[in-house]
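Undergrad: Protein sequence lines correspond, in order, to chains Y and F. Sequential numbering of the first sequence, starting at 1, is according to the numbering used here. Sequential numbering of the second sequence, starting at 1, is according to the numbering used here.
A couple of the hints might just be wrong.
Since copy identity is lost for identical chains, a pair holds within one copy or between any two.
Keeping only pairs whose Cα atoms sit at most 25 Å apart, straight-line, the calculated DSS-like set for lysine-lysine is [as the list claims (entries may be wrong)]:
| id | residue 1 | residue 2 |
| --- | --- | --- |
| 1 | Lys168 | Lys2 |
| 2 | Lys168 | Lys256 |
| 3 | Lys276 | Lys322 |
| 4 | Lys168 | Lys326 |
| 5 | Lys251 | Lys269 |
| 6 | Lys168 | Lys53 |
| 7 | Lys135 | Lys262 |
| 8 | Lys39 | Lys202 |
| 9 | Lys326 | Lys316 |
| 10 | Lys248 | Lys135 |
| 11 | Lys202 | Lys120 |
| 12 | Lys137 | Lys256 |
| 13 | Lys256 | Lys135 |
| 14 | Lys304 | Lys248 |
| 15 | Lys248 | Lys78 |
| 16 | Lys137 | Lys262 |
| 17 | Lys278 | Lys262 |
| 18 | Lys135 | Lys278 |
| 19 | Lys278 | Lys120 |
| 20 | Lys322 | Lys269 |
Simulated from the structure, these hints should not be mistaken for laboratory data.
Protein chains: 2
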Amino acid sequence: MKIVVDAFGGDHSPEEVIKGVSLALNKEQGFSIVLTGKKETIQALMQEYGCDKERVEIVDAPEVITNDDTPTLALRQKTNSSLVKCFDILNASEDAKSMVTAGSTGAALTGAVLMLKRIKGILRPGLAPLLPAIKNKNQVMLIDCGAIADPKPQNLVQFAKMGSAFMKAVAKVENPRVGLLSNGSEDSKGNERNKEAFELLKQADINFLGNLEGRDIISGDYDVVVADGFSGNIALKACEGTALGIFKLIKDGIMKGGLRAKLGYLLLKSVFKQIKTKMDYNDNGGAVLLGLKKIVIKSHGSSKAKSICASILQAKQMVDAKVVEKIEEVIEIESSRQD
Amino acid sequence: MKIVVDAFGGDHSPEEVIKGVSLALNKEQGFSIVLTGKKETIQALMQEYGCDKERVEIVDAPEVITNDDTPTLALRQKTNSSLVKCFDILNASEDAKSMVTAGSTGAALTGAVLMLKRIKGILRPGLAPLLPAIKNKNQVMLIDCGAIADPKPQNLVQFAKMGSAFMKAVAKVENPRVGLLSNGSEDSKGNERNKEAFELLKQADINFLGNLEGRDIISGDYDVVVADGFSGNIALKACEGTALGIFKLIKDGIMKGGLRAKLGYLLLKSVFKQIKTKMDYNDNGGAVLLGLKKIVIKSHGSSKAKSICASILQAKQMVDAKVVEKIEEVIEIESSRQD
Chain Y
1 MKIVVDAFGG DHSPEEVIKG VSLALNKEQG FSIVLTGKKE TIQALMQEYG CDKERVEIVD
61 APEVITNDDT PTLALRQKTN SSLVKCFDIL NASEDAKSMV TAGSTGAALT GAVLMLKRIK
121 GILRPGLAPL LPAIKNKNQV MLIDCGAIAD PKPQNLVQFA KMGSAFMKAV AKVENPRVGL
181 LSNGSEDSKG NERNKEAFEL LKQADINFLG NLEGRDIISG DYDVVVADGF SGNIALKACE
241 GTALGIFKLI KDGIMKGGLR AKLGYLLLKS VFKQIKTKMD YNDNGGAVLL GLKKIVIKSH
301 GSSKAKSICA SILQAKQMVD AKVVEKIEEV IEIESSRQD
Chain F
1 MKIVVDAFGG DHSPEEVIKG VSLALNKEQG FSIVLTGKKE TIQALMQEYG CDKERVEIVD
61 APEVITNDDT PTLALRQKTN SSLVKCFDIL NASEDAKSMV TAGSTGAALT GAVLMLKRIK
121 GILRPGLAPL LPAIKNKNQV MLIDCGAIAD PKPQNLVQFA KMGSAFMKAV AKVENPRVGL
181 LSNGSEDSKG NERNKEAFEL LKQADINFLG NLEGRDIISG DYDVVVADGF SGNIALKACE
241 GTALGIFKLI KDGIMKGGLR AKLGYLLLKS VFKQIKTKMD YNDNGGAVLL GLKKIVIKSH
301 GSSKAKSICA SILQAKQMVD AKVVEKIEEV IEIESSRQD
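Take these sequences, add in the hints, and give me the full structure.
TA: This is the structure we're talking about:
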């Protein structure tokens, strides 16, 4: 199995990406890496970080797509960019079933949607991060958090089915509990789109628990939270902003609290560290774009080696768990019923 | 000035409401209270909590609207409810310029919209809580967080103008910084509604800073955050859920962390308390419904006396600051320009 990695995507690329590749290769067997980007730089960094050359192939790509580029334009013009090369390899090689990039989200999403094949029957793919659940060690899939700002109710139903299939296959959740993110938990809540989606979800062949509020996303009461990409994105970042904000307030309080507070901090340091690790979903891998024939993992733009490594191992896990095939099965049943 | 208070709204009513009224009366002069609800119960509780009888008028209302009632139906059928009586008093008395309820949000919103007069030119009112800013002592107004799930772009522009007028009048912010909540901070982000609203906001007579992400709502970089009621509600509750979740994790960590962690907690207790007080916007009053000729404050359903007291004093402050008149001015300018 080959995992394609965009060596020049992300704020800390290429250094942290190559370091992350090296970490992943040391950690697990059973896969090789294809790195796209400036060949000489990659070779030098591989040397520096002691990256296993036997398991890495380099595809030269002299151009880089940045966050300042307009996605559609950049994808058309920078055909020799590290990102576009990833898509090319996925299209050309049967054995390359997944890719990881920490580059521009806009370009990665647009590129994947335009250049990669969709699973038959899927209207639009959805971008899905895995978030930590507060009350247990589970993860919660939030789908979609930015692939489509104005989805149709049918898109939401497909997100629910794909998320459900994913959580069964990868997280081994027997009967994933699916909720629809809304402005209240009562059945009558929702905007026009959600009200329509609610009725469709009730009839779908999933374990649909109904509407949920923003406060319950990471509660642990749901395995899959379905949202339109606009409010899903807002919710995700609101959670992130609040978590960072509270940690900042704690830090400020400790700094201003004198010796007493500093001593308290030392005693609680391991507790804080555990919580930070739990809440920092970026460190636990990236968001997966579901609905395509290949697995695309979008790591956070600020990803460091640890996070890139996690994304690579996540990609391997998803291919091993046959996520694409499982989604194909679910969607095929749907299409055959409609025939 | 009379402030009308729904004595039978909220999970802890009527006890905590009467206690809150008593607190508010002790704290400030210059206003009186009209309490609606079961007269005898109110009288007994006023006696118990030492409530100043001279400054309280009771309007008997034997019925109660609960969270289990369907708002529109309950408003029509329970005309003798404590909530409907509040609206009646606001409509009948010139001197009653504001009301406070901790009852059903659905019924309070629907009732206010249906039964109270709107400010001339306002298409729809917006529900606006005041949130704590992380980096300073400011408050951030989030408007709307649930009054309309599917607003038109023009509604968002009016929310921006009302929020701006409010922050000028009440929080004394000279030139309130207004942002549009979106799925990214770039100008090109947004769903169809927001993209249209963005263009209108650029031309509006406010200090519009552009789109903001969910993570920046409570950053302190904005005074007014404009949102559609659907994603505004989701964002608000996502912030709330994350804050509660982190406090729970800290508590669990301390409980499991043995003596060392417990000692650490004792030393940091005052820091935690400060943060909890700062983050708990419910304790700092309620959400205000802007766009009506009277001020309606919706306290959290779980409000206790302290929160009811804060909402009452907030209502007084808003009437003193002539919020309704200030909004009328802004909207009048708008209408006259369009003529």
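Undergrad: Run every hint past the structure and note whether it holds.
TA: Hint-by-hint comparison with the structure:
no.: 1; hint: Lys168 - Lys2; in the structure: within (24 Å within a copy, 59 Å between copies)
no.: 2; hint: Lys168 - Lys256; in the structure: neither (47 Å within a copy, 31 Å between copies)
no.: 3; hint: Lys276 - Lys322; in the structure: neither (31 Å within a copy, 45 Å between copies)
no.: 4; hint: Lys168 - Lys326; in the structure: within (9 Å within a copy, 56 Å between copies)
no.: 5; hint: Lys251 - Lys269; in the structure: both (11 Å within a copy, 14 Å between copies)
no.: 6; hint: Lys168 - Lys53; in the structure: neither (35 Å within a copy, 63 Å between copies)
no.: 7; hint: Lys135 - Lys262; in the structure: between (28 Å within a copy, 21 Å between copies)
no.: 8; hint: Lys39 - Lys202; in the structure: neither (52 Å within a copy, 45 Å between copies)
no.: 9; hint: Lys326 - Lys316; in the structure: within (15 Å within a copy, 60 Å between copies)
no.: 10; hint: Lys248 - Lys135; in the structure: both (23 Å within a copy, 9 Å between copies)
no.: 11; hint: Lys202 - Lys120; in the structure: within (23 Å within a copy, 42 Å between copies)
no.: 12; hint: Lys137 - Lys256; in the structure: between (34 Å within a copy, 16 Å between copies)
no.: 13; hint: Lys256 - Lys135; in the structure: between (31 Å within a copy, 14 Å between copies)
no.: 14; hint: Lys304 - Lys248; in the structure: within (21 Å within a copy, 28 Å between copies)
no.: 15; hint: Lys248 - Lys78; in the structure: neither (40 Å within a copy, 48 Å between copies)
no.: 16; hint: Lys137 - Lys262; in the structure: between (30 Å within a copy, 23 Å between copies)
no.: 17; hint: Lys278 - Lys262; in the structure: both (23 Å within a copy, 21 Å between copies)
no.: 18; hint: Lys135 - Lys278; in the structure: both (11 Å within a copy, 24 Å between copies)
no.: 19; hint: Lys278 - Lys120; in the structure: neither (36 Å within a copy, 51 Å between copies)
no.: 20; hint: Lys322 - Lys269; in the structure: neither (40 Å within a copy, 49 Å between copies)
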